[in-house]
Each structure stands twice: as C-alpha cells, then as structure tokens.
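Peer 1: Sequence lines, in order, name chains V and Z. With the first letter of the first sequence counted as 1, position 185 gets the number 195 in this note's numbering; the numbers rise by one all the way through. With the first letter of the second sequence counted as 1, position 148 gets the number 151 in this note's numbering; the numbers rise by one all the way through.
Derived from the structure by calculation, the hints contain no laboratory data. We put the CB at the ideal spot given by N, CA and C, even for glycine. It is possible that some hints are incorrect.
What the hints assert, rightly or not - Here chain V is said to cover these stretches of chain Z; the calculated rule only asks that three of the stretch's residues, wherever they fall, bring their Cβ under 8 angstroms from a Cβ of chain V:
1) 87-94
2) 278-288
Unchecked claim - Each computed DSS-like pair below joins lysine-lysine, with the alpha-carbon atoms no more than 25 angstroms apart:
3) Z:K167 / V:K106
4) Z:K164 / V:K104
5) V:K50 / V:K106
6) V:K296 / V:K411
7) V:K306 / V:K296
8) Z:K289 / V:K104
9) V:K322 / V:K366
10) V:K106 / Z:K164
11) Z:K298 / V:K104
12) V:K411 / V:K306
13) V:K50 / V:K128
14) V:K322 / V:K302
15) Z:K143 / Z:K164
16) V:K306 / V:K347
17) V:K50 / V:K178
18) V:K306 / V:K434
19) V:K322 / V:K434
20) V:K347 / V:K302
21) Z:K289 / Z:K300
22) V:K106 / Z:K300
23) Z:K284 / V:K104
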Amino acid sequence: MYMEFLVALFQDPNARWVITGCLLLGLSSGVLGCFALFRKYSLMGDAVAHAALPGICIAFMLYGSKSIGIFMLGATIAGLIGALCIGQISAYSKIKPDTSMAIILTGFFGVGIVLLTKISQSGKSSQSGLDAFLFGKAASLVGSDVEVISVVAFLLLAITLALFKELKLLCFDPQFGRGIGLPMGALNTLLMLMIVLAVVIGLQAVGVVLMAAMLIIPAVAARYWTEQLNGMVILSGVFGGLSGVLGTVLSAITPNLPTGPVIVLAATFIFLLSLFFAPERGLLAKAIRHLKLRQKIISENLLQSLYDLSEKDFLQDQSWKQGYTLDQLHQLRPDHKSTMLRYLQRLEAAGWVSSKGANWALTERGLQEAYSVTLNQRLYEMLLIYQARYGTLNLQEESRKVQDFVPETTLNELQGLLLDHQRKPQLTPFLEIRFDHPYQDHYNEAPTKGGDL
Amino acid sequence: MSHSAWIILIGSLVASSCGLVGCFLILRRMAMLGDAISHAILPGIVLAFLISHSTDGIVMLIGATIVGLLTAFFIQTLHASGVQSDAAIGVTFTALFSLGVVLVSLYTSRVHLDLQHVLYGEIAYAPWELVSFLGLELPKAVWMMGGVFALTLTVVGLLYKEIKLTSFDPQLATALGIPVVWIHYTLMGLVSMNTVAAFESVGAILVVAMLVIPGATAYLLTERLSFMLLLSLLFGVSSAAGGYLLAVLWDVSISGSMTTFALLQFVLSFLFAPRQGLLSKWVSYKMMQKVILQKDK
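Take the sequences, apply the hints, and build the full model.
Peer 2: Structure (structure tokens):
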C-alpha cells in the first residue's frame, strides 16, 4: 500500500517540488556543514537564522509587501551583519566566541520581535507569511521557491567545488594560508556568507532552529566514517540529501507530521547509526577494541605471573613443573578471581596451561608464549627505566612487540641492560632461540653499560 | 500593585535569576547551552503534559528540568566520546527540539499547547494569572520566578567557592577533591529550572537573552566575579525596567524590547567600558603610538 502511495507521491508535481527542494537543501547544507564544523561555526547556523529576523522585518517595512526575493535579501544582509558582529565582538574584547554568538542571536532576535510587533500593529500584513518564514512550511513549497533554492544551492556547491583547496586550508591551517599569500580573511567572510545563504534558503523549508540542525548533524555524522575531508564532504552531502528526502516522504505519508522536524529526526537517525556502528570511531568498534585489549592483557598477565613464579623456582630446583595455585597468581597480579579462573580455563583449552589438581602449570607451548610475553615486558621496563636515553622512541604503541619497532642496535643494548639488571628471563623454552650467544658480542661493544644513571 | 509594576517585577526576577546563573555559563564558555536547553526541554514539557494531562506549572517544571538535565548529560557524553563541544550542543538540542515539535503535532493538536504558546509566551499577560499560596494571592509568574530565584540564590550562595573554582580552574578543583561533575550538573539543573520557570510566562527568547547579555555586559566592566554577579543583577533589572518603558513608548512586544534594551546596554559597555571598551583601547593604542614615535625621534 505504501509503495503505491510512494509512486503516487513521486508523480504528484507538487510533492516532487517539495522533495527536490529538501534534497538540494540537505545536500548544500551538508556540504557547507563540514567546513562549518572544522571552523567551529557549528552553532553559527542557529545564530544566523535568528539574526535574520530583523532583516526580514526591515525588508518588509521598506518594501511594503510579501516577496520572497526581498525577504531573502533582507535575511541575508542581517544574517551576514550578525555573523560579522560575532567575529568582531570576540576579536575586540575578552568575550569568547560562544558568548558573542549567544548575544547576537538573542539580541538580534529581540530586535526582530520588536519590529514584528510594530509591523503587525500597522496592520499592513497578515503575520502568517512571516511565521511561515520563521518556522518553515516545507509542505507548501511551490515551483518558484524551489527554483530559488536550486539556484542558490547549485551556486553554493559550485563555489565550494571551485575553492575546495582554499577552504580546506582555511579549516586546517589558516596561518599557513596567510603565509603563502592567500586572503584568508576574505575567504572566511565568504564562508560565512555561504553559510548565511544556506540558512536563508533553508529557513523557508525547515525553519529557524531546524536549519541549524541541517548544518551540523550530517557533517558530524559523516565525520565518523572517514578521516579525509573530500570523503567527508561527499558523505555529508549525501546524508543531508538523504535525510531531506526521507523526512519529506515520511511526513507526506503520515498525517499531522510536520516536514521540517522529521527531516531533522531522519538526520539524527543517521547520526545515531554512525555514532554506534561506524567502523573505526563508532562506539561499538571502540567497545570491541577495548574488550579485545582487556582479554589480551588478562591472558598476558596470567602467563607472566606463571612465568615469574616458575622462573624463581627454576633457579633452585625443578618444582615449577608442579604449578601454582590461583591464590599465588592472584597475589602477584590481582584481578577478580572468577575472571582469572575463566581465563586460565581458556588458556588450558588452548593448550598453554595444564591443571594439576588445584595447581596451574605452564606447558611447553605455554612456556614459549609466556617467555616471549615476559621478554617483551622486561624490554619495555628497560625502555622506561632509560627513558632519558630512548625517549625518542614511540612508546605509545604498546600493542606491538618491542622487537618490531626498536632498531637492532638499540635492541642489543636493551638485552645488555637486561643482563645488568638481572632481569634476563632465565627459564628458556627448548624451542626458543636463546639470545645469549649472538647478543653477547654486541653487549660488549655497547657504548654504555647500565648503572651510569 | 499596578499592572506595570507587576510586569517590571516579573521581568526583574527573571533577569536576576538568569543573570546569576548566566555569569557562570559565560565563564565556562557554555553560553549557547542556555539557548540549547531552552529548546531541548520542549519534549519534556510535552511528555509531562501527556502524562499528567494538565498545564500545571509544577508538573511542567519537573518534566522540563529532567529533560534539561538529560540534555546536559547527552551533550557531555557526546563531547566525551569525541564530538566537538559546539557540535555536540547543536546535535543534541536540534534533535530534541524536533522530537518535541513532532510530539506536539502528533498528540496535542486538539489541546491548548501550541508552539507559539510554549516558545514565545508573552510577559504582558503574566500578571493576570493569579495563584493563591500561603494566603497570598500573587501572579503565578511571581510565585514561580520568586521561588526559582530564591533557590538559585541559595545554591549559588552555598556553593559559591566551589562553583567559582570549578569555573576558573577545573583541574585544581578536581585535584582538591571537589566533585566537579556534580557541580556541573547542579548548574545545568539551575539553568533548566530557570529556563522553564521563566519561559512559560515571559517567552524563551527573553530567558536566553537574560542568561547571557547582562552577564556579558558586566564581564566587560570588572575583573572580579563578585562584582560581575552584582553588576549582572543590576543590568538585568535595569533592562527589565527600561525595556518595559520602551515597550510602552513604542507600543511593541515587552520581552522583545527588554531584550533590545539589554543589547543596547551591552553595546554601550562594549564601546565605552573603562578598560575593556573599544574607545579606551583605541585611546591607549594612540597614546602608545605617540610615545613610541617620540622615542624614535
């Protein structure tokens, strides 16, 4: 049934106008929103949309009748003045940008309300035209409105495409841009003008507050999926356009549902999907990464505890093969005992640990693992102790083995330091290459022996 | 008391109460939060109405305060999960506002709860809605705003040191063991309560204006928090009174002209403040130029 309705909807010329209008609107505001996001202008859309009110009123007072072109001109001028004031207030006083944004938003809007009441008293207008402009009536978009929206939207997209490099520079490194002689101030004003224009064409369809949403939400959603500005701009445009169409269709097939808010809710839905399910930055991916890291740390801690205990006994007798109780392991590296037991069982299933009564002992295979984990850990210890010497190495990447990212000469030095500090793992598995022979020579050549710190 | 006196009193209560909280919003760089919360509580108001089937002030106050706190929580959570703070504010409040508008148009089309009423309440009608409490018959808005102002004053008075420290140096506050997060949510709770209590009677735009503009005007005139708070009260009250006079003079919207008057005060302070003003900065710049030129000779 819905399908038939949809087909009918797309055949209805009026509905087609509305859908086209909202699609273009979402597309252009999505694209511009990316730049706004990086310039920290996200809330600028909201401020500009409110600041446009006095402009509309003055345009109406001067011109004397309702005309979409005149309204848009007034709104654009007032919006641009508001946007520039926001910049100037924070540039010339200690007031922070967010406060100046709030001042301009409310102040201009207050002036607008005063003018609005003045207009309604003079009896020249039915206020409804202005109301529609402020709160948005997407369902009543007609052909000529959509023409205006399309022209402006295409203009905005064309400017963005033509100045993409420059805008990118404005977002990420304006100082450098100034350095190579680009007019960054003018470019910033242009970006503001473009945002104002996007807001002004959006006012009529989705209204003041919701226009702010169209500038923010698609861009923030797109940010989750990519680290590239190009990809993000495209994705954000697609998200914006998609929510425009989705919102329009949904509100058309449900009675009593206003278009503007539904468009925003559609965009919010896309945002929530991104927030949870984006591959790298999404909450789910983050949670999985966290869980995996925790699993790895618990298993490695257990292996290392077993190794430490075994090593101590190995130096006296062979009793390490008898294994150790959970309590002993717990004493060395405490965690929840139930968790430790669960992971011990897991290690047993993998064949790295065998249980002997209440005792847990490393198997030959487990010893290999434990040896490599312990060696890695102790090499790290050395790196940290001699941080002053090795500070240039990137210690952040703890997920990787020390051997993988440390140059060979440094590795040899570290092996030497292990010997000095008597931290060289003593209990070597049969299958592991023992490191004493090849590294011994290097150790003797190493520039410093430990202990000079 | 005359009608005008009531209106000025209500306006002053709104301005004082909002101004007090607003100073801290400005200092914490969260000025847009007032705007965000004032829009975001719409679904709270609608839900409170749908559950209780009354437009009773207290029920709305509770519903909206809860949603206001939720808004603050969402913003904080999004910010903590890596979204830029202004974008986090933008996403949260527009989404909640849209939800509110949809709820209004779906469920309350036949009752008296239209957007115009919720968002742009008019202070001119506030004195006529009388409520009797403790044997006193006063306008409802006076009860509501008086109560919220008293609460705001008490909380800010009791937690003054803590709020001050967390606003200026959150790291130190954390290190000293002050519950920074709780202070944050206490403030957010105050903001939402002020917003809700005020905007039913005076309209959202006046609330947001009074949260920010008097505080910002005061911020330019002093370097001390205590003076800033006092001055913001003063500017709030004066814009309520001055705005009312302007409104009578021009016969226009009262909350609109109160906002306009507040903006006027800000512009004056921006231009002529003794140390921070544009004029004095220009003068000291010129004098510096003169001194340097003389030295160069």
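Peer 1: Does the structure keep K284 (chain Z) and K104 (chain V) at a Cα separation of 25 angstroms or less?
Peer 2: Roughly 12 angstroms between the alpha carbons, so the hint for K284 (chain Z) and K104 (chain V) holds.
Peer 1: Starting from K50 (chain V), check that the Cα of K106 (chain V) is at most 25 angstroms away, please.
Peer 2: Holds, because 12 angstroms separates the two Cα atoms, which is no more than 25 angstroms.
Peer 1: Given the hinted pair K411 (chain V) and K306 (chain V), is their Cα-Cα distance within 25 angstroms?
Peer 2: At roughly 13 angstroms apart (the allowed maximum being 25 angstroms), K306 (chain V) and K411 (chain V) satisfy the hint.
Peer 1: Between K322 (chain V) and K366 (chain V), is the straight-line Cα distance small enough, at 25 angstroms or below?
Peer 2: Cα-Cα ~19 angstroms, so holds.
Peer 1: Could you grab the alpha-carbon distance between K322 (chain V) and K434 (chain V) and see if it respects the 25 angstroms cut-off?
Peer 2: Holds, because 12 angstroms separates the two Cα atoms, which is no more than 25 angstroms.
Peer 1: Does the alpha-carbon distance linking K50 (chain V) and K178 (chain V) stay inside the 25 angstroms limit?
Peer 2: holds (14 angstroms)
Peer 1: Would you check the hint for K106 (chain V) and K164 (chain Z), treating anything up to 25 angstroms between C-alpha atoms as holding?
Peer 2: The hint holds at about 23 angstroms.
Peer 1: Does K164 (chain Z) sit within 25 angstroms of K143 (chain Z), going by the straight-line distance between their CA atoms?
Peer 2: violated (33 angstroms)
Peer 1: Can you confirm whether the C-alpha distance between K164 (chain Z) and K104 (chain V) stays at or below 25 angstroms?
Peer 2: holds (23 angstroms)
Peer 1: Just to be careful, I want the Cα atoms of K106 (chain V) and K300 (chain Z) compared with a cutoff of 25 angstroms; is the pair within it?
Peer 2: violated (39 angstroms)
Peer 1: So if I understand the rule, the pair passes when the alpha-carbon distance is 25 angstroms or less; does K306 (chain V) with K434 (chain V) pass?
Peer 2: holds (23 angstroms)
Peer 1: Straight-line Cα separation of K322 (chain V) and K302 (chain V) no greater than 25 angstroms?
Peer 2: With Cα atoms ~30 angstroms apart, K322 (chain V) and K302 (chain V) exceed 25 angstroms; violated.
Violated hints for the displayed structure, listed by number in ascending order: 11, 13, 14, 15 and 22.
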